[in-house]
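**Q** What follows is each chain in one-letter form.
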Amino acid sequence: MQSVGVEAGKMNGQQMDALLRRFERPLLQYATRILGDHDRARDVVQETFVKLQNEKRQQLDDAPAKWLFTVCRNGALNICRKEKRMTYLDQELLETRESEQPAPYEKLEAKEASGFLLKILGTLPPRQQEVLQLKFQNDLSYQEISEITQLSVSNVGVMIHNALKTLRQRYGQASRDFLPFTPRTVS
Amino acid sequence: MKVNLDDPNLMAFALGELPADDHAKMAEAVADSPEAQSYVAETQQFARLLRAEYEADRQQQPAPRSPIVARMEEERRTSWLYQWGSLAAALAIFAVIAAIAFTTIQRESGTLSKRVADSPRTKAPAEATPEPSVEMEIAQQPVTTPQATTAPSTVNEFREEKSQVNRDVAEAGKYGGLALNPSAPPPPMPMKRAYTSGGGETTESEPPSRYRQDFNTATYDKVEENPFLPAATNPLSTFSIDVDTASYANVRRFINSGSLPPKDAVRVEEMINYFTYDYREPEGDKPFSIDLDATACPWDPSHRLLRIGLKGREVTNEKRPASNLVFLLDVSGSMMPAERLPLVKQAMRLLVDKLTEKDRVAIVIYAGGSGLALKSTSGNEKEKILRALEELQAGGSTNGAEGIELAYKVAADNFIKGGVNRVILATDGDFNIGVTNQGDLIRLIEAKAKSGVFLSVLGVGTDNLKDSTMQKLADKGNGNYAYLDSVDEARKVLVQQINGTLMTIAKDVKIQVEFNPARVASYRLIGYEKRLLRKEDFNNDKVDAGEIGAGHTVTALYEVVPAGAGAIDPAASVPPVDPLKYGTNRTETTNGSAEMVTVKLRHKKPDGDVSELTERSFTDNGSKFENAAPDLKFAAAVAEFGMLLRDSQFKGKGSFGAVIEWAQEGKGRDAAGYRAGFIEMARKAQSLKPREG
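Going line by line, the protein sequences match chains A and B.
The first sequence begins at 97 in my numbering and counts up one residue at a time.
The second sequence begins at 168 in my numbering and counts up one residue at a time.
Okay, chain B solo, but in the shape it has when bound:
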């Protein structure tokens, strides 16, 4: 019998797993084959190595004893009655705790009592006596109660009231006509960027709640959707632009693999901004144009849908200034699968192909350590760059911080004044060595961004994608974040939109929209939850905001309840606020303007520190959705699709079927086929959603 080295039975033989007679037969065959003998020996050696590693790992960190187990042991030693009595007692205690917990924590049922007993906070050492440990658990219980978390919002309400009284004259608004106290000092302005919308009703002191979804360890920050805000008391809506597109590609990856994405992986603005829209070109030497439009809101026709579109100036490839690029590539063990490092290499090859002799590329790799795999090299030495890329292999654990330091140093050493200076970070985001703390990493990037080097983050991988980390890195590093799920996506980001990805034409772009309370009862910004700014931040040049690249379009949608229509619809109604006792009555809106909104925009030049203001007003002509421009129909379809995936309370009367219909009406030329891809994905999502049929 000839032995096949790829026969699972040979491995079973080496591991002593074959039944006696098969074993004898295999032993005979192996005796005839020196290859098979060495295979068996190597397999056994490897098995020993693997066993040793498992054993070392098991002994390295003995699992901390959970209180219930510790208590069981303790009682077993001290009492011969432990068997039923103590177990019943323990269960009774847990039942009590569970009852307490149930009334306070609104979480999934089923495992509550044990979670209480065993939450990391209350980990009791094995020696702890049972009684104190139970008391401790009960005592600590309020830590997780909702009452504890409402405290900051009370503080916020107070601050909000104060800031309304002390409202800055500059922010007085053109529609309001309000009596103000100009001599009062402006409210203190924390430098820290707060995620509060115009009204300041969200808390800034709470850390974003992070939790794990599904089987994998991918992490997404929780997104609380923007509510409707009354225009009379919150006429200003302020946010930072966002050109990230990662959420769309990530959502597509979930749907293509046959499941709907976790809610918090869906960021509606990133989905809308995945597509480019045909906005008017910027005039003169303006870096971008503002294009405003409105139509009936298709998921609630009594509402209006306001669209704010920005279009960055196009720059042709020949006119793109010299680029100094540093590829910072994660080559840690987790990057091994085909859709990670190999995909990144392919993406980089596509990009290198577009570079010319005026451009420079360096490659920094990082794993357990970090290193320079390629010194800064001219873009016409493509062979050399490609060869260095080719040689990269994945293995080891990830020290992101060290790699980031080195990459920014290389970028600074080769800085091209007036050119494109950019670090392109490709990773699955699993930084597990060195600075692993998200906050520290972000501070590191923030410090580096001041050097004038911009950042692009390319996310890859599936099961442990640290989506939220990467989004924040890009945000703080003056950058953009794209998720690569395929070579096609790499081509879109790095070839078709190379100038937008590489060349920033305006930075810290902020938008402030003032709604005219005479025309608008309430409004809701769709998406951009992570990009909200306080109204004071708009005029504060120290507050960081988003960047816009050459040729990029940025789109923001508002669902607007026209004045007079608000009270009818409960979904859009706003809880009434008591009139202010000391301030003036703010609800008087006796201006005669027909304008719906004024949109103000601030931006800085890529190398500038002082912002410029652009302003544009818009009057809604009340057009119907049927007559809306194709681009607006399409954006509405994408927005509603995102809200359906999030199962948003604001999704209105829309359905996947309607989304497909609107998208088809709004498909336009679609030369690159992206919109057709969206329609296909919506169909797939429809088939995955049982209740939609």
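Next up, chain A with everything else stripped away, as it sits in the complex:
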């Protein structure tokens, strides 16, 4: 079933290319959030792709994203543990804060993708950013996210719910107040 010379059951070059193109940057962002350090994140992502090369295809065919993010996450957390950094979990405890009262849901103007939303996304607690990235950037299901992050499916649901709620609220507010930015003078 495979072309000559490629060991049976493993990725071929084209498949590898496609996965690299699709996931290298998302994985880098993902690992950087956990490690807080771009260089180490590169190391982890590279290692992930090296492992990918030796992985049996059957393990990947249905869910390469899940596989990649799981391996990348574990690699990053191992570095955290090895270097005794403040772990990702500690960080969550520090930063998780109840979001403000639910605001009325305003109609959102469909704005052009401007990076503004992602900037606001950066103000969410890191674990919320993580699940949003997995869900909306990488189209993973609640079930898959649960397997990657070791959270229960309902926990993932609650987190995405809260994260999206806060994000919409802040985005709505920020859009009203600062896009476009106009100098305001109280006379």
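Since the hints were made in silico from the structure, they are not lab data.
One thing to keep in mind: the hints can contain errors.
[Stated by the list, open to error] Listed below are the simulated BS3-like cross-link pairs for lysine-lysine, each with C-alpha atoms no more than 27 Å apart in a straight line:
hint : chain 1 : residue 1 : chain 2 : residue 2
1    : B       : Lys576    : B       : Lys771
2    : B       : Lys617    : B       : Lys576
3    : A       : Lys178    : B       : Lys851
4    : B       : Lys512    : A       : Lys261
5    : A       : Lys178    : B       : Lys430
6    : A       : Lys261    : B       : Lys169
7    : A       : Lys178    : B       : Lys389
8    : B       : Lys192    : A       : Lys261
[What the hints assert, rightly or not] Partner residues are not named here, just some residues of chain B that face chain A (Cβ under 7 Å, in silico):
hint : residue
9    : Met178
10   : Ala179
11   : Leu217
12   : Arg218
13   : Tyr221
14   : Arg225
[Claimed, not checked] Pair by pair, the computed Cβ-Cβ distance ranges are:
hint : chain 1 : residue 1 : chain 2 : residue 2 : range
15   : A       : Gln111    : B       : Lys192    : 36 to 44 Å
16   : A       : Lys152    : B       : Gly425    : 39 to 47 Å
17   : A       : Gln149    : B       : Pro186    : 29 to 37 Å
18   : B       : Gln226    : A       : Asn108    : 20 to 28 Å
19   : B       : Ala198    : A       : Ala159    : 30 to 38 Å
20   : B       : Lys389    : A       : Arg117    : 33 to 41 Å
We put the beta carbon where it would ideally sit given N, CA and C, even for glycine.
Since chain A is already given, all that's left is putting chain B on it; use the hints.
**A** Coordinates of chain B only, in the frame set by chain A:
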């Protein structure tokens, strides 16, 4: 079934995440609720927007191919044997590079080989053939070797030797009695402020090394602690005063959240200076007094602890001259969390409350752009100022430079001659648009500081606090830097110490201490690593230094090895220096003075350009630590606490337990409760430190 809009299952439904039967049930319920329908529609619309943003971001900057991945691809295309052979070859090459790297870079193990392969310097384009790229990596390797970085220090040693030979008569020292060559020209005096201590043993050409710590992106400049210096060859120790307190509040924030701070977030002098001490009041119309004291060094009783205390003249609130304040507030997206913009607003409200009709306030905000949110307004129109504050919201990215320009312009337009003219910058320091280069920002501030407008920097936020940027901005902007971790801290900085924060009574305050080699074998300045000046800088009025505010106290501690005791203690011993071949023997110290030190101080009036000199000598009476004044005990406790947190090689026999004990003995009246807060924090740190139990 009634639909609850705050039910996570409703969102799961909107995103198509519910299992089939739950989905059907929810669909029924939603059909009955117009609210739920619009919620679902909006959620889906928002999800599309979010996906589009992620996708745009992903495509915008394709990740640069790392050499290893590029090589893997290349080999896969060209060889059908790639599978094991090439990988093994690649690993072998990396093993070789790793071995080379390991002997040269003294960094953490584990990820070395890949860091070498993948460091930004050596980023190879995807098309690069494997062989040249490996060669290039090896060729570039020496860039990071220690040998490369030792070159500047060799240059420095040479310069130091030269400057010793050519030593200026004015700096000859009163204890030395040395033969000098007065006709020799003085050494060239670079205008750039160099971070070298009396001996000039540190390098000035190296940029400060910055690195990231822990999970967050907060940045702290690396601090190399001052070493012990022999008094015979380095009798002069010169530094700029520092009234910043930010490090203390930042350290407290780490400890309260259950972790010890990164080493370089601990600046010992800022911790000591967080507290006010009961120094003697200035005499006559002097702007400050000098208060000297010494006791046995508690973490090494064979050493002495010398304390230099300055106390700025108190000014009552009624006597504070009219103030022209410009609040420059960062309202970028990162300022949204409660402990950022909302805290800043609270802090500003506290400050506005203290102002009177003679004062003026303007508010400049900056995010993606910058704007005047409030024109300069009299201090008795509090309602109006508070309303403008209230309306501020965070969002957008940060263009610090533009805001700085505008704020200084507003301050200049409303300049009050003889009054307080000050820009108060509140930010998390994440300047990411416009002038983002730290050096350019600092030059901008430096230029603005010449206009006579002073700067206060209030740092907020946790995970991306740009501590080092803000410290430098305050330093160059004739200002002070405080970190606000709570409303209480805001109250301390902006209410209790409002006059010290707002009103500068002396600027460019420099201290030069001359140690008497007959009494002192060696000495070490505790902290102030970022404030060191060269000995020539002391008399050079063009060299910038720190400011002192009304009522401020500034404290500096030296650990002193008395003459005759130095050789015993290896920690305080100084590597021997060969006697000079051409100069006179500098170790002869045949003066009969009993004095330990002479402290010289230069300052300028807030609006002056010419410095005045104050001088005071001190003789150590050899008192024991038990009998030391409470203030000195307390300062010693804070210093040792800082050194323990830094795991300093100079921490001596101290422990968190001892720190708590000394602090309790030195607690004094502590009306405001700050010292009690320190003791509490030390206890918490003790419980966090496993090896201390």
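**Q** Would you mind marking each hint as holding or not holding in the structure?
**A** Status of the hints after comparison with the structure:
1. B:Lys576 - B:Lys771: Roughly 25 Å separates the two Cα atoms, so the pair holds.
2. B:Lys617 - B:Lys576: holds, 13 Å
3. A:Lys178 - B:Lys851: Distance ~25 Å between lysine 178 (chain A) and lysine 851 (chain B) Cα, so the pair holds.
4. B:Lys512 - A:Lys261: The hint holds at about 25 Å.
5. A:Lys178 - B:Lys430: Since the Cα atoms of lysine 178 (chain A) and lysine 430 (chain B) sit roughly 18 Å apart, the hinted pair holds (cutoff 27 Å).
6. A:Lys261 - B:Lys169: holds, 20 Å
7. A:Lys178 - B:Lys389: holds, 22 Å
8. B:Lys192 - A:Lys261: holds, 23 Å
9. Met178: holds, 5 Å
10. Ala179: holds, 5 Å
11. Leu217: holds, 5 Å
12. Arg218: With a minimum Cβ separation of about 5 Å from chain A (threshold 7 Å), the hint on arginine 218 (chain B) holds.
13. Tyr221: holds, 4 Å
14. Arg225: Nearest chain A Cβ about 5 Å off; hint holds.
15. A:Gln111 - B:Lys192: 36 to 44 Å: With Cβ atoms ~40 Å apart, the hint holds.
16. A:Lys152 - B:Gly425: 39 to 47 Å: Given a distance of about 43 Å, which is inside 39 to 47 Å, the answer is holds.
17. A:Gln149 - B:Pro186: 29 to 37 Å: Given range 29 to 37 Å: holds, Cβ gap about 36 Å.
18. B:Gln226 - A:Asn108: 20 to 28 Å: holds, 24 Å
19. B:Ala198 - A:Ala159: 30 to 38 Å: holds, 33 Å
20. B:Lys389 - A:Arg117: 33 to 41 Å: With a Cβ separation near 38 Å, lysine 389 (chain B) and arginine 117 (chain A) satisfy 33 to 41 Å, so the hint holds.
In this structure, none of the earlier numbered hints is contradicted; all agree with it.
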